[in-house]
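Participant: Heads up: the sequence shown begins at 0 in numbering that gives the first Met the number 0, then just goes up one per residue.
Quick caveat, the hints were computed from the structure, so don't treat them as lab data.
Here the structure is a predicted model, which means the values were calculated and not measured.
Mixed in with the good hints, there may be bad ones.
Unchecked claim - Below, a list of computed lysine-lysine pairs in the PhoX-like style, where the Cα atoms sit at most 25 Å apart:
id, residue 1, residue 2
1, K96, K111
2, K66, K80
3, K22, K36
4, K24, K36
5, K96, K66
6, K111, K80
7, K80, K61
8, K23, K36
9, K96, K80
10, K111, K61
11, K111, K66
Stated by the list, open to error - Distance windows between CB atoms, simulated:
id, residue 1, residue 2, range
12, L73, E95, 36 to 46 Å
13, E71, Q33, 39 to 49 Å
14, I114, T52, 42 to 52 Å
15, S75, D32, 11 to 21 Å
16, K22, K66, 11 to 21 Å
17, V47, I117, 36 to 46 Å
18, V45, M72, 11 to 21 Å
19, Y35, K96, 29 to 39 Å
20, E95, R27, 44 to 54 Å
21, E95, Q38, 35 to 45 Å
22, K22, N49, 48 to 58 Å
Just so you know, even glycine gets a beta-carbon here, dropped at the ideal spot from N, CA and C.
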Amino acid sequence: MKTPTKQSPSPKVLLKEDSAKKKKKFTRNGLADQLYKLQIRERSAVRVWNHQTVTEEKVSSKSVVVKVLDYEMLYSLQLAKCQELIKTEGKSIGEEKEFYVLFTSEMAEEMKISIGTIVRICPPW
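My request is simple: use the sequences and hints to build the entire structure.
Facilitator: Okay, here's the thing in structure tokens:
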């Protein structure tokens with residue numbers, strides 16, 4: 000009689016955190032601790048963004064709507080040159096504001112950022 004072989008879990012299953020397990024304690028303000036905090040902040044920001052896109056129907060006056068003119072990958076970030084689409088009251092019609100926006104590679108993939116993509120950026124920025 001032979002015991003059945005155990006299949007290894009898929010890579011996606013390994014990435015999910017088990018809330019029943021004890022959290023690892025990193026050296027306070029060490030590199031691993033800083034990276035862990037950054038990952039938590041990024042996950043939180045993505046969750047808030049997903050929640051706002053589903054429930055938000057009206058356009059916030061504080062949000063900025065931009066069109067991506069050009070972009071390039073810088074390590075794990077995407078640097079996008081953008082142009083503001085909705086003009087604010089204080090600007091003249093001929094004045095076009097261009098600026099750069101940084102997206103994480105995960106956010107850029109999820110939003111399918113390319114030239115011509117229109118993005119609404121909500122505070123806090």
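Participant: Against this structure, judge whether each hint is valid.
Facilitator: Here is how each hint holds up against the structure:
no. : hint                    : in the structure
1   : K96 to K111             : holds (23 Å)
2   : K66 to K80              : holds (9 Å)
3   : K22 to K36              : holds (13 Å)
4   : K24 to K36              : holds (12 Å)
5   : K96 to K66              : holds (11 Å)
6   : K111 to K80             : holds (15 Å)
7   : K80 to K61              : holds (20 Å)
8   : K23 to K36              : holds (12 Å)
9   : K96 to K80              : holds (11 Å)
10  : K111 to K61             : holds (24 Å)
11  : K111 to K66             : holds (13 Å)
12  : L73 to E95: 36 to 46 Å  : violated (24 Å)
13  : E71 to Q33: 39 to 49 Å  : violated (26 Å)
14  : I114 to T52: 42 to 52 Å : violated (22 Å)
15  : S75 to D32: 11 to 21 Å  : holds (19 Å)
16  : K22 to K66: 11 to 21 Å  : violated (42 Å)
17  : V47 to I117: 36 to 46 Å : violated (20 Å)
18  : V45 to M72: 11 to 21 Å  : holds (19 Å)
19  : Y35 to K96: 29 to 39 Å  : holds (36 Å)
20  : E95 to R27: 44 to 54 Å  : holds (47 Å)
21  : E95 to Q38: 35 to 45 Å  : holds (36 Å)
22  : K22 to N49: 48 to 58 Å  : violated (24 Å)
Violated hints, listed in ascending order, are 12, 13, 14, 16, 17 and 22; each of the other numbered hints is respected by the structure.
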